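Quick note, the sequence shown lines up with residues 9 to 302 if you use our numbering.
Now the in silico label distances, taken between C-beta atoms and shown as ranges:
hint	residue 1	residue 2	range
1	His194	Ser230	10 to 20 Å
2	Glu68	Asp276	22 to 32 Å
3	Glu174	Arg105	40 to 50 Å
4	Asp276	Asp84	12 to 22 Å
5	Ala161	Pro190	27 to 37 Å
6	Ala11	Ser67	18 to 28 Å
7	Glu36	Ala161	42 to 52 Å
The hints are simulated quantities; they were obtained by calculation from the structure and are not laboratory data. Bear in mind the structure is a predicted one, so any value in this text is a computation, not a measurement. Every residue gets a Cβ at the ideal spot worked out from N, C-alpha and C, and that includes glycine.
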Amino acid sequence: MLANLSREEALKRAAEADGCDARFVSSEFLSAAKKLRYVQAMSAGVDRYLGLDALKARSEIVFCNLRGVHGPAIADHVFAMLLALSRDLPSSWRAQREGRWNREGGEHEPFALAGRTLCVVGLGGIGTEVARRAKGFEMRVVATRRSGTDAPAFVDRVELADKLFELLPESDVVVLCVPLTPETEHLFDARAFAAMKPGAILINIARGKVCDTAALIDALKSKHLGGACLDVTDPEPLPADHELWQLDNVLITPHVAAQAALTQERADALFAENLRRFAKGEPLLNVVDWTAGY
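Can you build the whole structure from these sequences, using the hints too?
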């Protein structure tokens, strides 16, 4: 198994590899890695590999991801950002830097989460953890998923993905948790933002390209959206002069929602279990479905 090497070192040893870290995979590497049977992505999203035809053509290679590993940390991040906006903490932070004891209120009226409706777009591993926390805040939780409408007890309503526009008008908070695929690229465009409840908050911890950035900016500037919390953006990294930085109803973090000691522990455990299974010839965990794109 090739891991903990530089790309150059891995390429030199490609002919030896039975398995490898996905970051080494390229057309050149695959041409040399005739023995390769197992590739492990160190992320949940695999959109960067979807266009690598040389990998998908090798049906003998089992490609796995870290789906479900990042859920707890990312869900915590969702609520850290949401609570910051709902309590208008940015106004207090600005006052604190200026040494002002300001009880007169800031730019936005604080609101409580209890009784509000939160919509999870993509009730997978991460979406389920978001929904669990939302119910803890006494929110009504609705969700979409790609297949099936079974749901845990803390989700009030689940619909298939094609029913998204039925849920948007009733949702105060919309959290994007879908993988980036051809079907989800620009899933949230001008039409979707127009369908959202006036004053709603959008949270994107999926991929930046799930949103049409220009349409998002228009919805924020018009105040149709009450705010946005973005851990991912399009483009990414976000240029210093980008308009999103200037909007006072937007919180931006630099694609760090998954960072936590717990995330690494869970990733290490899943990777170790897959290595054990691979060595024993047992079925691997989190095998990617190339047709679905995750």
